[in-house]
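Engineer: So the chains spell out like this:
Number of protein chains: 2
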Amino acid sequence: MTDTRFGLDRSATLGALALDGGGTLAQVQIAYETYGTLNADASNAILVAHALTGDQHLASAHPRTGKPGWWARMVGSGKPIDTDRWFVVCSNVIGSCMGSSGPASIDPATGRPYGMAFPVITIRDMVRAQEMLIDHLGIDTLAAVVGGSMGGMQALSWAATFPQRVRACVVLASAARHSAQNIAFHEVGRQAIMADPKWRGGAYYDVGDPPTAGLAVARMAAHITYLSEAGLTEKFGRKLQGRDAKTFGFDADFQVESYLRHQGIAFTDRFDANSYLYITRALDYFDLAEEHGGHLAGAFRGTATRFCLVSFDTDWLYPTAESRSIVHALNAAGARASFVELSSPYGHDAFLLDSPELDRVMTGFLEAVR
Amino acid sequence: MTDTRFGLDRSATLGALALDGGGTLAQVQIAYETYGTLNADASNAILVAHALTGDQHLASAHPRTGKPGWWARMVGSGKPIDTDRWFVVCSNVIGSCMGSSGPASIDPATGRPYGMAFPVITIRDMVRAQEMLIDHLGIDTLAAVVGGSMGGMQALSWAATFPQRVRACVVLASAARHSAQNIAFHEVGRQAIMADPKWRGGAYYDVGDPPTAGLAVARMAAHITYLSEAGLTEKFGRKLQGRDAKTFGFDADFQVESYLRHQGIAFTDRFDANSYLYITRALDYFDLAEEHGGHLAGAFRGTATRFCLVSFDTDWLYPTAESRSIVHALNAAGARASFVELSSPYGHDAFLLDSPELDRVMTGFLEAVR
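Protein chains in written order, with full-length UniProt numbering: chain A, 1 to 370; chain B, 1 to 370.
Fair warning: there could be bad hints in the mix.
Simulated restraints, written as ranges between beta carbons of each label pair [what the hints assert, rightly or not]:
| hint | chain 1 | residue 1 | chain 2 | residue 2 | range |
| --- | --- | --- | --- | --- | --- |
| 1 | B | 332 | A | 240 | 22 to 30 Å |
| 2 | B | 84 | A | 295 | 50 to 58 Å |
| 3 | A | 16 | B | 241 | 26 to 34 Å |
| 4 | A | 203 | B | 340 | 54 to 62 Å |
| 5 | A | 234 | B | 332 | 23 to 31 Å |
| 6 | B | 341 | A | 234 | 23 to 31 Å |
| 7 | B | 239 | A | 233 | 31 to 39 Å |
| 8 | A | 266 | B | 370 | 54 to 62 Å |
| 9 | A | 200 | B | 65 | 29 to 37 Å |
Just so you know, the hints here were simulated from the structure itself, not pulled from any lab data. Since this is a predicted model, take the numbers as computed values, not measurements. Even glycine gets a Cβ: it sits at the ideal position worked out from N, Cα and C.
Required output: the full structure, derived from the provided sequences and hints.
Structural biologist: See the structure below:
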């Protein structure tokens, strides 16, 4: 049934999707990749959910940057998410800009890009669109949904929204709600984009001159939150950029300045400013307890899904306390849950980086699921 | 000798100042306020040094905002820095925008505002300008230099640069160097300002349309670092702004968004964007150890100055570890130093807020100095 080429890039045109905000997307487009082979009873499918600025290019080269897939170290033949065993699906979330329906898509009502006429979406809306994709692929039950950061929120939302369709749930470096500080950092990013005159109220697609300066500042601010203070000190400290002494000017004197500027500018080559607005909004709106009468345990009552949670000790974006509160709720709901805090100098980004401990956790948990 | 009116607003035109960066400011202008009365032997003078966006309006109303002075709770008759006993001086740092020489000042070479032709300055340059002011006021030795945040860096730089002229040094919520993370946050703010087309390479003074959007974003990003995650959660959590439900739009739905936007916009009424660039640069360049052959203790060898350091447990901008490393250096240098970490939910800003413990530390230390 499924093409077995590695990293098969696909797109599906699905039906209408009713949104949490009240509107409807008339026709959902989902760009996705698959890896491995779906078995005869369609029981070996794993959905990997990506983070804020991630995409479906999980383990094969990104078409714009040429860089390896964002989780190539985790997903592949003989890797912790072993594509010799599992049929792995990764889809671009709605609201994003890599082929799934988002603000750059054509609004059928006008024949022009949505821009800010695109409806505000939620994490649960992303998950509902993924469920439509899973139907489309002929998969009834996912062996697992796996994700870090915003991907972990999608995994939690999957387990809460479609408990019959997900046997296991892996949640890395994530949270069940956005804190005031999380919202505050995102608001800085949004204001940076909206302050750029080239943003033009979101209607910049036809002009060919997008708000890259604002988007770069947004990315710089966010990027700091992905790294730990200790990690920044270890990597950069106060080292100067290719010179022996301070210039007493405003060029990038320090390596950390140069690094951040590069991160900001490079990001604008691969990401759409409006998508950044919509996805950060979805993150800020995320509060799984609120969706269940204020009680996080209510999201998981009676579930048969097995959970695996991992946090990192230097992650200050979604600190260990957030994972712990999820585990407490899972315990209260009587769910099967394992939890480990791993040590890493790399802060929030640790879940994307080489970590033999994380590999062992992932391998062991998926083996138990199988 | 000195006018005894409370909060006397003054300005002094001083001589030339040779700068760390190699240039010279031909004529240093310093705006300052004084409180209390200088005694006959000029032995009761305390210099209070302000933080990044502070000013000389220490304990009297700000002329633009009408708000009370930024440390009115600490400085006044019967307060911990008791103006019945002490002659208190607070001067606007060079580089700033409240009357001291800065990028908005007239460049004598051109007859027009300096803009980015203003020389890059250092914390030590600020302190050297203050020393000229102290000479001007007829004060040989300061009883104390007191400051929080960047003010604490000036206090440390005073003790290291003019050890004979400062008997005591109070350093609150500060550090002896800017970390990579500190630099990174400042670089985001600078890039936000410079990305604003109204910045015009710093030459916006004659246009009458300053880069307020970029400056507001810079302030929002910085403001998050002044507050603790727990403090933000306690104050705002996920509370919505004057409505019952999410709007599924991009207005300020959450109170924390509204608060941050207000902080950003209000800041632009009282602060100059170029000054923000220059002062953040001075902070990033600050590394007291580097000025003394890489050894912080070398900055204080043989000093007779007494030191009092205070940190706050939720301050993640200049965490307790930074104060502790200063104390270790002072101990290694054989200096007299006391140190306390205070508990507060308010993060870095705690030094500006009501804190009976801080009041007791300040009162006790200054009593011992007297």
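Engineer: Hint by hint, note whether the structure agrees.
Structural biologist: Evaluation of the provided hints:
1. B:332 <-> A:240: 22 to 30 Å: At roughly 26 Å between Cβ atoms, residue 240 (chain A) and residue 332 (chain B) fall inside 22 to 30 Å, so the hint holds.
2. B:84 <-> A:295: 50 to 58 Å: At roughly 57 Å between Cβ atoms, residue 295 (chain A) and residue 84 (chain B) fall inside 50 to 58 Å, so the hint holds.
3. A:16 <-> B:241: 26 to 34 Å: At roughly 32 Å between Cβ atoms, residue 241 (chain B) and residue 16 (chain A) fall inside 26 to 34 Å, so the hint holds.
4. A:203 <-> B:340: 54 to 62 Å: About 56 Å separates the Cβ atoms of residue 203 (chain A) and residue 340 (chain B), which means 54 to 62 Å holds.
5. A:234 <-> B:332: 23 to 31 Å: 24 Å, holds
6. B:341 <-> A:234: 23 to 31 Å: 24 Å, holds
7. B:239 <-> A:233: 31 to 39 Å: The hinted range 31 to 39 Å holds for residue 239 (chain B) and residue 233 (chain A), with Cβ atoms some 35 Å apart.
8. A:266 <-> B:370: 54 to 62 Å: 57 Å, holds
9. A:200 <-> B:65: 29 to 37 Å: 33 Å, holds
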